[in-house]
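Chains as they are written, first to last, in the numbering used here: chain L, 1 to 246; chain U, 1001 to 1294; chain V, 2001 to 2308.
Treat the hints as calculated values from the structure; they're not laboratory data. Note that beta-carbon positions come from the ideal geometry of N, C-alpha and C, so glycine has one too. It cannot be assumed that every hint is accurate.
Just the calculated beta-carbon pair ranges, DEER-fashion [said to hold, decoys possible]:
hint : chain 1 : residue 1 : chain 2 : residue 2 : range
1    : L       : G67       : U       : V1131     : 50 to 56 angstroms
2    : U       : F1161     : L       : P166      : 43 to 49 angstroms
3    : U       : L1092     : L       : R75       : 22 to 28 angstroms
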Amino acid sequence: MLELEEVRSGYGKLEIVQAASLRVPDGAIVGIIGPNGAGKSTLLKTAFGYLPPFAGRIALDGQAIAGRRPDQIMRLGVGYLAQAGGLFAEMTVYDNLVLGGYTVSRADKRRAIDAVYARFPLFRDRGRQLAGALSGGEQRLLAIARALIVRPRLLLLDEPSAALAPRFIDLIYATLVALNRDGLAMLIVEQNVEAILAVAHRVFVLDLGRNAFDGTPAELRASDRIRRLYLGEDEGEDEPAEEPGR
Amino acid sequence: MLESLLEFLIQGVVLGGLYALFAVGLSLIFGVLDVINVAHGEFFAVGGYLAFTAVVLLHLPGAAGVLGAAVGTFLLGLCVYPLLIAPLKRRLGGRPQGPLYLVLTLGLSTFLQSSLLAIAGGDYLRVPPQVSGILDLGVTAVSHQRLLVLGVAAGMLTALFAFLRFHPVGLAVRAVALNPDAAQAMGINLPRIFSLTLALGVALAGVGGALMAPLFNVYPAVGFPLTIKAFAITILGGMGNPVGALVASFLVSIAESLSVMVIPSQWQSLIAFAVMIVMLLVRPRGLLGRAVSR
Amino acid sequence: MTARARLALAAVGVAALLPVLLPHPFVLTIATQAAIWALLAASWDLLSGYTGQISFGHAGFFALGAYGAAVSTKHADVSPWLGLLVGAGVAAAIGLLTGFPALRLRGHYLALVTLGLAEIIRLVAQNWLDLTGGPFGIHDFRSFPGLPAGALVHRQAMYVVVVVIVVVSVAIMYHVCERTSAGQAFRAIREDEVLAQTLGIDTTRYKLLAFTLSSGFAGLAGGLYAYYVQLVSPVVAGAATTSLVIGMVVFGGLGTLWGPVLGALLLYGVYEGLRFVGVVYNLVAVGLVIMVFVIFVPRGLAGLGRSA
Chain L
1 MLELEEVRSG YGKLEIVQAA SLRVPDGAIV GIIGPNGAGK STLLKTAFGY
51 LPPFAGRIAL DGQAIAGRRP DQIMRLGVGY LAQAGGLFAE MTVYDNLVLG
101 GYTVSRADKR RAIDAVYARF PLFRDRGRQL AGALSGGEQR LLAIARALIV
151 RPRLLLLDEP SAALAPRFID LIYATLVALN RDGLAMLIVE QNVEAILAVA
201 HRVFVLDLGR NAFDGTPAEL RASDRIRRLY LGEDEGEDEP AEEPGR
Chain U
1001 MLESLLEFLI QGVVLGGLYA LFAVGLSLIF GVLDVINVAH GEFFAVGGYL
1051 AFTAVVLLHL PGAAGVLGAA VGTFLLGLCV YPLLIAPLKR RLGGRPQGPL
1101 YLVLTLGLST FLQSSLLAIA GGDYLRVPPQ VSGILDLGVT AVSHQRLLVL
1151 GVAAGMLTAL FAFLRFHPVG LAVRAVALNP DAAQAMGINL PRIFSLTLAL
1201 GVALAGVGGA LMAPLFNVYP AVGFPLTIKA FAITILGGMG NPVGALVASF
1251 LVSIAESLSV MVIPSQWQSL IAFAVMIVML LVRPRGLLGR AVSR
Chain V
2001 MTARARLALA AVGVAALLPV LLPHPFVLTI ATQAAIWALL AASWDLLSGY
2051 TGQISFGHAG FFALGAYGAA VSTKHADVSP WLGLLVGAGV AAAIGLLTGF
2101 PALRLRGHYL ALVTLGLAEI IRLVAQNWLD LTGGPFGIHD FRSFPGLPAG
2151 ALVHRQAMYV VVVVIVVVSV AIMYHVCERT SAGQAFRAIR EDEVLAQTLG
2201 IDTTRYKLLA FTLSSGFAGL AGGLYAYYVQ LVSPVVAGAA TTSLVIGMVV
2251 FGGLGTLWGP VLGALLLYGV YEGLRFVGVV YNLVAVGLVI MVFVIFVPRG
2301 LAGLGRSA
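Model the full structure from these sequences, guided by the hints.
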């Protein structure tokens, strides 16, 4: 569904992603992990069009989308959940949902919002509350709910578990898994390695802007080297791993 | 004493309508585009010239002049984002560099004002009032023309705020002002919203220019003193907050009007600037504004 | 100094000699005024280009210098040579005062405060009849004593006086900006003020220094203007002055000092030259230059040909 090939991108003159490639097959959950500064978020932003790539190929269902604007990519069926501040905090929950349906007709909007309320009943009575007044976990859920209004086929998530209490992390990921069972593909950047390894079909490791490894979670766990370098486990009498790039 | 107070109060309210037309547009543009439009006054002047053209040169009725000013400045405003701001944005690659945009709009201001001078000459052009007559309120008399300004201002600003509050595109405009990245993720076309907002903002000034033409006369630099005063007003109200700009417009206009009782009238304008400087030092986000950090 | 800077300065030096060798009154007039603008542009660059504190109010400091000089000579019979210092001093003092609130402001808020200040100065100049002569300004004050009397020779002597003062001033500013630790501090503040503070640079002191120097030299330019043109009116504190200065610096290249000097000389030459085509078009060109250069040629003439 989504293909990134030899993508290079960054901010201004600073090249952060040096040569990254990955694929998200239809209906799959794909994770991106790696040390801080590896370019994971940058890559995600590039895929969604917030940053124009310096080089490389980005294709959605075979259609080249590199260089398109985020609102154009969104209309192709892709949703994006930012790491922080993705909501309109000064607007109400209801207005956030309405904005989620910006590209949808009036009639469909009503139906879609009702469908979202059905899936996330906690928002039904909180329409008038300011989005910023919700708890961290509720805000994350609202962002997901909002993204679902347009019935995307692919979601890009930037650290969905960031700054959340463990029970909310479980809730978020349970929600994501349920959505995936209904056919929604996902590309998830994560620092919380355990959470993503538990649900992903395939994981790409990014280090210093390049691919370092990719495989199934089982393959990652099986490799001592990968475990030591990226999964944060040390090997007993060995010295604690120094993650490259720190 | 009370009579004078009432008189100046009324005059202040009437003046506030004009300030509001100006400052609300300026504040809206800043709130959505993060750009301070130094050239705002030039759209006011263009509005006056369009009214002059319609009424004096083409012998159309006064309302046509106002309508023409609105449409003309709107169309002119639509050109500003794609031709000037977008290219600068592209070059800067998203790094916020407020002062550079200020320099850009300063260049636009110089260009527009001197173009008007080149095209139309520097003479003060006279435009007949759209309405004549005076309303006698006992304590003071207010010309119908000034009341028209206040009335049109009230009408247009009500329409604007209703648009922002209730219309889907108005909601999109507010969304872009709050969080442009998230707005894009909702499928909102940023360049289009930017262009629309800018055009709307300057069209308000253009209408003001057409309505004030009979009172100020029309000449290239007619808008500039208002621009600077509008900066002061928007800072008082909170840059980027149109409601704040509305409130501040009347605060300033009434203060200016009342001040005539204690200081000579030519020093009136000092009030606005003194207020601006004090606000910037004490509370840069203004009375109702959002935090300065953006 | 880079090779291109040396080349530019050489060209300017040759051009500077021209009015002395080919004394034509019109050329002398343009050259003298261009030199005054060059000083003003350089002073703006010191504050806004080098230190990154964008000021939209330099017309105000210029006016303070002009009025300070004119008023002191007219009302207190101060010698014009001293009058220059008075003007520069007044401007520098106000500049220093402006620096304090400016410490807390950034970006467009700073620009707006300085713009407001210039407007206040203009308003005061326009309305304080006793001191400033109101909208008509001050005009009957004497100019530099001791200069030769013949019409042409007098202009040439004026030209020399102005150029010498301008060159010395720009040299001082250049020295400060490029060769002293103060200049390094300026640039550090421009690049990343927080970083500069963590490196132990007293940003407060250097920002105030930049404001004082910049406004002082702007005031000096104002004083020169007053004694040269012999008429000071509120217009000098107006928007056209600000636009011209910013246009010159953007044209020449922010943050190089010699760029703005070159930009001022060229742009003023074009500005006056266009007067022949028709007074009305010259400011149009300035506006265009500002817009085009800000977008497409951010480093101005000074940066042409250089990669990024």
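Hint check results:
1. G67(L) with V1131(U): 50 to 56 angstroms: Once the Cβ atoms are compared, 54 angstroms apart, the range 50 to 56 angstroms for V1131(U) and G67(L) holds.
2. F1161(U) with P166(L): 43 to 49 angstroms: For P166(L) against F1161(U), whose Cβ atoms are near 45 angstroms apart, the range 43 to 49 angstroms holds.
3. L1092(U) with R75(L): 22 to 28 angstroms: holds, 27 angstroms
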